[in-house]
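Asker: Sequence:
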Amino acid sequence: MGIVRGICLITENVSDVSAFYAALLDAKAEGDDRHASLEVGGMHVTFAHTSVMEDMAPGSLKGAGHGSFTIDIEVTDVDAMFRHMGEGAASVVKPPQTYPWGTRSLWVRDPDGNIVNLFQRI
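Position 1, counted from 1, in the sequence shown is what numbering that gives the first Met the number 0 calls 0; the numbers after and before it change by one each time, with no gaps.
If you're looking for bench data, these hints aren't it; they were derived computationally from the structure.
You may find that some hints are simply not true.
[Said to hold, decoys possible] With beta-carbon atoms standing in for the labels, derived distance ranges:
1) Asp-78 x Glu-38: 22 to 32 Å
2) Glu-11 x Ile-114: 11 to 21 Å
3) Pro-94 x Ser-50: 18 to 28 Å
4) Asp-78 x His-34: 28 to 38 Å
5) Glu-73 x Glu-29: 17 to 27 Å
6) Asp-78 x Glu-53: 35 to 45 Å
7) Lys-27 x Met-52: 20 to 30 Å
8) Gly-58 x Ile-121: 41 to 51 Å
9) Val-91 x Ser-67: 16 to 26 Å
10) Asp-31 x Gly-101: 37 to 47 Å
11) Arg-4 x Thr-69: 15 to 25 Å
12) Asp-54 x Trp-100: 34 to 44 Å
[Unchecked claim] Simulated crosslink set (DSBU-like; lysine-lysine; CA at most 35 Å straight-line):
13) Lys-27 x Lys-93
14) Lys-93 x Lys-61
15) Lys-61 x Lys-27
Just so you know, even glycine gets a beta-carbon here, dropped at the ideal spot from N, CA and C.
Construct the complete structure from the given sequences, taking the supplied hints into account.
Answerer: In structure tokens form, the structure reads like this:
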């Protein structure tokens, strides 16, 4: 059995995408416009430019696209995050809603168009 220790988001815009997640996760992203990373809660989040991936494995991104995943991030206060998003930090897709399965969530889009589900357990 494996343990997930990190994720790499492949993007054409490492600077904007890494800055978005750094602000969202209250973490510091380090790197440049080709590769950046941050660590939060013991997990590594890496951002790689598409050209870096192609350099490593030519043709590996064939058929891949942006805006094709959703990432779930548990937060302590969805409504506080919503107020923060109102300051222009992200594009809100769905305002906070409470669900019968015991969560409250808010959806925003990252700079590549991927949906980020910010949720809290209630």
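Asker: Hints numbered earlier in the text: which of these fail when held up against the supplied structure?
Answerer: 3
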